[in-house]
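*Asks:* Here's the letter readout for the chains.
There are 2 protein chains.
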Amino acid sequence: MQQLLRVHNVMLSSDGFGAGEGQSLERPFGHADPAVLGAWAFATASWPNRTEPGGTRGLDDHFMREFGRNIGAEIMGRNKFGPQRGPWRDHEWQGWWGDEPPFHTPVFVLTHHERPSFSLSDTTFHFVSGAPATVLEQAKEAADGRDVRLGGGAATIRQFLDADLVDTVHVAVAPVELGAGSRLWTSPDELLDRFHHEVVPSPSGVTHHLFWRR
Amino acid sequence: MQQLLRVHNVMLSSDGFGAGEGQSLERPFGHADPAVLGAWAFATASWPNRTEPGGTRGLDDHFMREFGRNIGAEIMGRNKFGPQRGPWRDHEWQGWWGDEPPFHTPVFVLTHHERPSFSLSDTTFHFVSGAPATVLEQAKEAADGRDVRLGGGAATIRQFLDADLVDTVHVAVAPVELGAGSRLWTSPDELLDRFHHEVVPSPSGVTHHLFWRR
Numbered sequence: 001m002q003q004l005l006r007v008h009n010v011m012l013s014s015d016g017f018g019a020g021e022g023q024s025l026e027r028p029f030g031h032a033d034p035a036v037l038g039a040w041a042f043a044t045a046s047w048p049n050r051t052e053p054g055g056t057r058g059l060d061d062h063f064m065r066e067f068g069r070n071i072g073a074e075i076m077g078r079n080k081f082g083p084q085r086g087p088w089r090d091h092e093w094q095g096w097w098g099d100e101p102p103f104h105t106p107v108f109v110l111t112h113h114e115r116p117s118f119s120l121s122d123t124t125f126h127f128v129s130g131a132p133a134t135v136l137e138q139a140k141e142a143a144d145g146r147d148v149r150l151g152g153g154a155a156t157i158r159q160f161l162d163a164d165l166v167d168t169v170h171v172a173v174a175p176v177e178l179g180a181g182s183r184l185w186t187s188p189d190e191l192l193d194r195f196h197h198e199v200v201p202s203p204s205g206v207t208h209h210l211f212w213r214r
Numbered sequence: 001m002q003q004l005l006r007v008h009n010v011m012l013s014s015d016g017f018g019a020g021e022g023q024s025l026e027r028p029f030g031h032a033d034p035a036v037l038g039a040w041a042f043a044t045a046s047w048p049n050r051t052e053p054g055g056t057r058g059l060d061d062h063f064m065r066e067f068g069r070n071i072g073a074e075i076m077g078r079n080k081f082g083p084q085r086g087p088w089r090d091h092e093w094q095g096w097w098g099d100e101p102p103f104h105t106p107v108f109v110l111t112h113h114e115r116p117s118f119s120l121s122d123t124t125f126h127f128v129s130g131a132p133a134t135v136l137e138q139a140k141e142a143a144d145g146r147d148v149r150l151g152g153g154a155a156t157i158r159q160f161l162d163a164d165l166v167d168t169v170h171v172a173v174a175p176v177e178l179g180a181g182s183r184l185w186t187s188p189d190e191l192l193d194r195f196h197h198e199v200v201p202s203p204s205g206v207t208h209h210l211f212w213r214r
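Those protein sequence lines, which keep their order, are chains A and B.
Taking our numbering, I'd label the letters of the first sequence as residues 1 to 214.
Taking our numbering, I'd label the letters of the second sequence as residues 1 to 214.
Sample of chain B residues lacking proximity to chain A, with all beta carbon distances greater than 12 Å (derived):
id, residue
1, W47
2, E114
3, R115
4, P132
5, R183
6, S187
Simulated DEER-style distance windows between Cβ atoms:
id, chain 1, residue 1, chain 2, residue 2, range
7, B, L192, A, D144, 40 to 50 Å
8, B, D15, A, R213, 33 to 43 Å
9, B, R69, A, W96, 21 to 31 Å
10, B, L192, A, G22, 44 to 54 Å
11, A, R50, B, D99, 39 to 49 Å
12, A, D122, B, P175, 43 to 53 Å
13, A, P87, B, D99, 58 to 68 Å
14, B, D33, A, D15, 42 to 52 Å
15, A, G179, B, R27, 53 to 63 Å
16, A, H104, B, A35, 32 to 42 Å
Keep in mind the hints are simulated off the structure, nothing from the lab.
In this text the structure is predicted, and so the values were computed from the model without any measurement.
Virtual Cβ for every residue (Gly too), placed ideally from N, Cα, C.
Here chain A stands alone, though its shape is the one from the complex:
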């Protein structure tokens, strides 16, 4: 069984940015408002950080359900893990997600700065450097036959796309412009040489883009 590298639920502005400028502890998405970029996701029954019952079970929820299906590991960029840059000053920061991170698998955080692995509930964070292909190999081994999710942000996804390591991509484009920030693409057409592409407008107002290898 082929192990895929899958991208899911990337929240993007209509001009191609996954986060704004000036990311910080207080504003993890910089000048972008996550409540606008992610409104479609937060409303779904399957939103992994959902704390109250309920939520929609329509099209958007079908995409959200893919987040954990047959996933055995995640790869994420350091900027998704936290607002720090440069060497780790201490190890107090353990991510945005509290004691029960929504990953439930090994997570490989890309960083040039060493840090010991640690576990929170059933998620273990490893800190790795190395070329995308090398990190993907580590993650596939940890995934034990299941697929690997490429968790973002936009720059990290772009890096793995440029290395031609990604098998499927799901992006949800919100009807908002950011003007600047962490860019995934100038246009989805950039991927058409290597991927099939479907565009699916959702009743919630976002437009889902699906890509899979030709």
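We have chain A already, so just place chain B on it with the hints.
*Replies:* This is chain B only, laid out in the frame that chain A set:
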């Protein structure tokens, strides 16, 4: 955790029929052509009866992936199980699906005629009579905390809808008229008093209808 009764991948004509007239061993869908009703499904990577690698991974595939996700049992009508009607003359018929049925769970076949349970690979078929609510109770117990899929055909789904036992429904309407046969609805509007409804056209030409309880 609530156990849902879920309907997935119901293939329907634009005039509301799930199968044509004159169902038989040679024509399980009667005068309807399953290659037309189901073209969208058979093309997907996740089609459960797929024998060759490949297949699409776009919108239609996202719906197909739901077939097995968190499902612990299926309920199906006798007409889905086979072309026989009336008392079982023998027990040679074991369904349409060969030695490896795509269900991988207990399956409850609705029939007024007794027949012993049997297993094929990791699927066990039980033959049950009784009101929909009673059969659902049996299936939920067998599902061991997971959801129950209501597998069809159209008349069986209608029966459980009329008993108000269904939580989510996914129907894929193909651009073809049948004129007669096994009917799910005259119009999807019949469900709007009890369900949210989303209509999602697919690039493949079918239109997906999603319903979840209000």
